[in-house]
Amino acid sequence: MREVAIIGIGQTPVGEHWDRSLRVLAFEALSAAMRDAQLERIDALYVGNMLSGELTGQEHLGALIADFAGLRGIEAMKIEAACSSAAAALRVGYIAVAGGIHDIVACVGVEKMTDQQGSVATSGLATAADAEYEALHGLSFVGINALLMRRYMHEHGYKKEDFANFAINAHRNAVNNPNAMFPYPISAQQFAEAKPIADPINLLDSSPIADGAACVILAPLSMAREFTDKPVRVRAIAVATDTVALHDRRDPLYLEGAAISAQKAYAAANVGPSDIDLFELHDAFTIMSALSLEAAGFARRGRGVALALEDEISVRGRIPITTMGGLKARGHPVGATGLYQVVEVVQQLRGEAGANQVPNAQLGMAQNIGGSGATVVTTILERI
Amino acid sequence: MCMSQEQHTAQARISQTILGNIWENLMRPKASVGIVGYGAYIPRYRLVTQEISEVWSGGNVVPPVREKAVPGLDEDVATMSLEAARNAVRRAEQVCASFTPQRLGAVWVGSESHPYAVKPTGTIVAEALGATPYTQAADWQFACKAGTEAMQAAIGFVSSGMAPFALVIGADSAQGRPGDALEYTAGAGAAALIFGAADEALVEIEGSVSYVTDTPDFWRRPHERFPEHAGRFTGEPAYFHHITCAVQALMRELQLAPQDFAFAVFHQPNVKFPLKVGADLGFKREQILPGLLVNEIGNAYAGSSLLGLTAVLDIAQPGQRILMASFGSGAGSDAFCLRVRRAAPHAGVWTTRQYVQRRVPVSYAQYSRLKGNYVMS
Amino acid sequence: MEVARFWRTRHQRYQLVGEVCPHCGTKIFPPRDVCPACEGEAKTPFTFSGRGEVYSFTTIHSAPAGFEKYVPYVVALVRLEEGPLVTAQLTDVEEKDVYIGMPVEMVTRVLREDGERGVIVYGYKFRPRLLQPEPQPQRELEAAAMA
Numbered sequence: 001m002r003e004v005a006i007i008g009i010g011q012t013p014v015g016e017h018w019d020r021s022l023r024v025l026a027f028e029a030l031s032a033a034m035r036d037a038q039l040e041r042i043d044a045l046y047v048g049n050m051l052s053g054e055l056t057g058q059e060h061l062g063a064l065i066a067d068f069a070g071l072r073g074i075e076a077m078k079i080e081a082a083c084s085s086a087a088a089a090l091r092v093g094y095i096a097v098a099g100g101i102h103d104i105v106a107c108v109g110v111e112k113m114t115d116q117q118g119s120v121a122t123s124g125l126a127t128a129a130d131a132e133y134e135a136l137h138g139l140s141f142v143g144i145n146a147l148l149m150r151r152y153m154h155e156h157g158y159k160k161e162d163f164a165n166f167a168i169n170a171h172r173n174a175v176n177n178p179n180a181m182f183p184y185p186i187s188a189q190q191f192a193e194a195k196p197i198a199d200p201i202n203l204l205d206s207s208p209i210a211d212g213a214a215c216v217i218l219a220p221l222s223m224a225r226e227f228t229d230k231p232v233r234v235r236a237i238a239v240a241t242d243t244v245a246l247h248d249r250r251d252p253l254y255l256e257g258a259a260i261s262a263q264k265a266y267a268a269a270n271v272g273p274s275d276i277d278l279f280e281l282h283d284a285f286t287i288m289s290a291l292s293l294e295a296a297g298f299a300r301r302g303r304g305v306a307l308a309l310e311d312e313i314s315v316r317g318r319i320p321i322t323t324m325g326g327l328k329a330r331g332h333p334v335g336a337t338g339l340y341q342v343v344e345v346v347q348q349l350r351g352e353a354g355a356n357q358v359p360n361a362q363l364g365m366a367q368n369i370g371g372s373g374a375t376v377v378t379t380i381l382e383r384i
Numbered sequence: 385m386c387m388s389q390e391q392h393t394a395q396a397r398i399s400q401t402i403l404g405n406i407w408e409n410l411m412r413p414k415a416s417v418g419i420v421g422y423g424a425y426i427p428r429y430r431l432v433t434q435e436i437s438e439v440w441s442g443g444n445v446v447p448p449v450r451e452k453a454v455p456g457l458d459e460d461v462a463t464m465s466l467e468a469a470r471n472a473v474r475r476a477e478q479v480c481a482s483f484t485p486q487r488l489g490a491v492w493v494g495s496e497s498h499p500y501a502v503k504p505t506g507t508i509v510a511e512a513l514g515a516t517p518y519t520q521a522a523d524w525q526f527a528c529k530a531g532t533e534a535m536q537a538a539i540g541f542v543s544s545g546m547a548p549f550a551l552v553i554g555a556d557s558a559q560g561r562p563g564d565a566l567e568y569t570a571g572a573g574a575a576a577l578i579f580g581a582a583d584e585a586l587v588e589i590e591g592s593v594s595y596v597t598d599t600p601d602f603w604r605r606p607h608e609r610f611p612e613h614a615g616r617f618t619g620e621p622a623y624f625h626h627i628t629c630a631v632q633a634l635m636r637e638l639q640l641a642p643q644d645f646a647f648a649v650f651h652q653p654n655v656k657f658p659l660k661v662g663a664d665l666g667f668k669r670e671q672i673l674p675g676l677l678v679n680e681i682g683n684a685y686a687g688s689s690l691l692g693l694t695a696v697l698d699i700a701q702p703g704q705r706i707l708m709a710s711f712g713s714g715a716g717s718d719a720f721c722l723r724v725r726r727a728a729p730h731a732g733v734w735t736t737r738q739y740v741q742r743r744v745p746v747s748y749a750q751y752s753r754l755k756g757n758y759v760m761s
Numbered sequence: 762m763e764v765a766r767f768w769r770t771r772h773q774r775y776q777l778v779g780e781v782c783p784h785c786g787t788k789i790f791p792p793r794d795v796c797p798a799c800e801g802e803a804k805t806p807f808t809f810s811g812r813g814e815v816y817s818f819t820t821i822h823s824a825p826a827g828f829e830k831y832v833p834y835v836v837a838l839v840r841l842e843e844g845p846l847v848t849a850q851l852t853d854v855e856e857k858d859v860y861i862g863m864p865v866e867m868v869t870r871v872l873r874e875d876g877e878r879g880v881i882v883y884g885y886k887f888r889p890r891l892l893q894p895e896p897q898p899q900r901e902l903e904a905a906a907m908a
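Chains as they are written, first to last, in the working numbering: chain A, 1 to 384; chain B, 385 to 761; chain C, 762 to 908.
Just so you know, these hints were derived from the structure itself, not from any lab. Backbone N, C-alpha and C define an ideal beta-carbon position, used for all residues, glycine too. Don't take each hint at face value.
Just so you have them, the derived chain A footprint on chain C, three or more residues with Cβ under 8 Å [what the hints assert, rightly or not]:
hint, region
1, 778-786
2, 810-820
3, 827-835
4, 871-882
Whenever a hint applies, use it, and build me the whole structure from the sequences.
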């Protein structure tokens, strides 16, 4: 096994890109990352995407994007794992480089969601759930998270407003991210008055439907300095799974897949939660932030929300999360999100996070969650 | 009008002579058949019909019933039939040790609002009850007497030994064009009866009569959403004539008089008609009122007289006799004489009155949404 | 139109037919053929009572395609008295009256229609119990929840 480094990153702004197609978005992120690593050519391309078939009638993205980017002939494939598709693509790229199959690999996450009406996107997202036993009953993806949130509040005695700081923190950080979809702050009052989507989840608990693409380029650590002065080492990338349907979990409020994925990553990197300087978690909804913090070992059961209440999650807090706006305020182009998270961790470790820089960031972690926790990819990166 | 008494007596004498023991018009099975289980279902929403009057007549029309039942967005004749059938199964399981849904030889649903034009409601109900696959399943159609004609078939089916048990359902989610007279009464509901051998039954069928002519008082052509009706023609030559003839024939051949019955249940398109036809036949209000639900739930069409019967079965005592007569436009009436053998069990099942009393009022606007009366595409 | 897909699961949807594990007795819904408790093969059909309690619930205001005409509607996780959790809509109830722990019973209702011309998909939903639940020994409920 070879050690692997990230030598280039690229991203498009997250938003409603009415004038740009899926392939154009992917190409923009890919070419930005190739410029960042001063590359002309790559050996393989792995595309993370969830909904291209459902929303734009386009599959076969590996060949499509390789061709569009002028890379015809290379190995290219799409990787799908619901909302964790992008980090899953990174995992495949990592296996290829670490295993000595390829030297220079690009992993692109791309999603184009705004070409369809809301209800089509909503049913598209519901394909991450169990089609026979969840989606058939009219349960939306927001609804699944709402079921979790209501039960969490019931079991642990929280009120709705206790979750506000996850959203407020994300929006505050997005102000300084030029690629964020919502670069403006929100108040506790706005959170309290936001429109309900699936009670108790309201609009400001929820990440937005968006378009975007992000890209990371991997190379063997031994070759990294040929391409960049600031290589970032991949200390671990671990995938774990859980039941797709929430009702099949032994304990729905415990994200077992996230816990296993984090434990595998900690073990591979030989670190623990206390060593992590920042954590880009999967805040698709505020409840997911709480459950991820608990599953990844940053808080005890039922204490994830307390971290937000105590403001331990800000850039200068004990465990900074969503440092560039997170899914909530940077935006959540689902199949691209996992690589946005990794790009942002790299920005922090390179010291390029501007006003949101976490002081002296050495180890950063990203956790990309597919579905309600059925596929979880945890990545630990290190500044070198 | 019906035959004169002289004509009848003469003909009866002839048929007695020729056919020996066979009655002239009475349908009476050779082996005794009874009802071993029954169940009702009425959806919970209610429209106060004065609202229809306000919307469509400025309050000028005096509604013929006070309220009518309206199905929820996820209800149709299949789901309402199933609710009633499950209640019938629960009672049958308490009444009759040998009953299981698997032993239902027929699942028959009478309605004029089947969810499919082609694809039997009975298949859905039978599957959900666990009566499939060795069973008969069919949908019956005869306007508001679709359920009672299936009753007569079921009596024959069971008494002939073709099946140990047969399930009959009358159910409707009635349609009335907005503003039309029918809209004031078009209600919803379902009733289910399980027939089996009389020795284990709650009630025994003593006989029935079916009286049918070609009388177009009310109809719906294919692909039309709402039925048409012939106004006052639906009264005397249709409802009153057919019920009267059927009931008179039944009582005559069984040699019974109105006072022999504890209860009388008639098809209930409004409050006035069943009370009037009952009075004309010699029944008192006290015999009719226990089974008269129309003021609270509207006209449940194929479910109407059957729901009235279930309300009476809920309170009937051993030895009491029940008269029931349906009316189906087009037109015909089926009249039945039932004799109670034992009081009905209610463990784990709601009575019909409980369903009647459960009410969630809706506005005319909400009702229009529930009925799908807004154009969505 | 996905006729075969809906047809294949009709028994599960119409009357909550799941499975029981012949090795450890765990009741399984939805059916999955492998026991989640002991991992033995479990293909013995088992019809659930349909009684349960609300474990959690939400109201859907933004519906997936095909469910728009029903909004707002309540979806719940229901803990069946035999043990499993099941995802289903609540019907015949106002959201404000729903609470965690509410006793509910299964009914079969229209889940969705495949447009004006397609098939109607019927399946289980839950409503507040019409009859008061019979008192259950507490430890049985707990044992079921643990299973």
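To see whether the hints hold, each was checked on the structure:
no.: 1; hint: 778-786; result: violated (count 0)
no.: 2; hint: 810-820; result: holds (count 5)
no.: 3; hint: 827-835; result: holds (count 5)
no.: 4; hint: 871-882; result: holds (count 3)
Figure legend: structure checked against the earlier numbered hints; the only hint not met is number 1.
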